[in-house]
Amino acid sequence: MKKSIAVLGLGKYGISLAEALYALGEDVLAVDKNEKLIRDMSSRVTSAVCANLDNEDEVMALGLQNMDIVITCMGGNLSASILCVAIAKEKGVGAVIAKTSSARMKKILERVGADKVICPEEEGGVRSARILASQYIRDYFEIDDNLCMIELRPKQEWIGKDLIELNLRKMYNMNVAAIREKGGKWRFVDPTHKLGEKNLLLVILEKGSINRWR
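For the sequence shown, full-length UniProt numbering gives the first residue as 1, with consecutive numbering after it.
These are computed hints drawn from the structure, not numbers from a lab. A few of these clues could be false.
As the list claims (entries may be wrong) - List time: in silico BS3-like cross-link candidates among lysine-lysine, alpha-carbon distance up to 30 Å: (1) Lys36 with Lys107; (2) Lys155 with Lys33; (3) Lys182 with Lys198; (4) Lys182 with Lys155; (5) Lys91 with Lys33; (6) Lys155 with Lys207; (7) Lys89 with Lys12; (8) Lys161 with Lys91; (9) Lys3 with Lys198; (10) Lys91 with Lys116; (11) Lys116 with Lys3; (12) Lys170 with Lys155; (13) Lys170 with Lys182; (14) Lys89 with Lys207; (15) Lys107 with Lys89; (16) Lys89 with Lys194; (17) Lys107 with Lys3; (18) Lys161 with Lys185; (19) Lys2 with Lys182; (20) Lys182 with Lys106; (21) Lys198 with Lys170; (22) Lys107 with Lys185; (23) Lys107 with Lys155; (24) Lys185 with Lys155; (25) Lys207 with Lys107; (26) Lys116 with Lys170; (27) Lys194 with Lys182; (28) Lys161 with Lys12; (29) Lys155 with Lys12; (30) Lys170 with Lys194; (31) Lys116 with Lys155; (32) Lys182 with Lys161; (33) Lys170 with Lys91; (34) Lys107 with Lys170; (35) Lys91 with Lys185; (36) Lys91 with Lys12; (37) Lys198 with Lys185; (38) Lys198 with Lys155; (39) Lys36 with Lys161.
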């Protein structure tokens, strides 16, 4: 299902993330105070808006209540990050994610209400987009130009079935490397284990197959 995602702050990571999410088919609102940057981004996302993210009135006017996910990407601007996280939470946004550049800022943003705080480099934008665009993918790692490894939630129709019955290698062209329950440790796969809703799978597949896990 297509998500509405606001990316607030267009540094290297914000641009990388916004473009990757848009390429994956999401509705992306990109926001920054740099007018030239907003003009450049207008054809690369769904909507690009020029706004000062340190200004409460301008942030309130963005309509964040209409977003499924809000991501603040002002890693070095703590005051703007705090303001945007607080307003997004006040507006009832389901998932508020903040980028930061230090462990101290991470703790502060978590206290303000951020659901998740990340400290990525520029290349992390594409990885984050893969995760945010999918209801199944919990984590994503590139192995090489062809293969990737993903941490995968089981589909609802898989619940109560074992891996022999599901035959995921044939049906989805992927190999299951390990399994765990949320909060537990990874362990080797017992093919007779019946999957439950709390199970997570670590699977290897070709990058070209990733879009089926939207």
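- Hint by hint, work out which the structure violates, then give me just those numbers in ascending order. The structure conflicts with hints 1, 2, 8, 14, 16, 23, 25, 26, 28, 29, 33, 34, 35 and 39, although it agrees with all the remaining ones.
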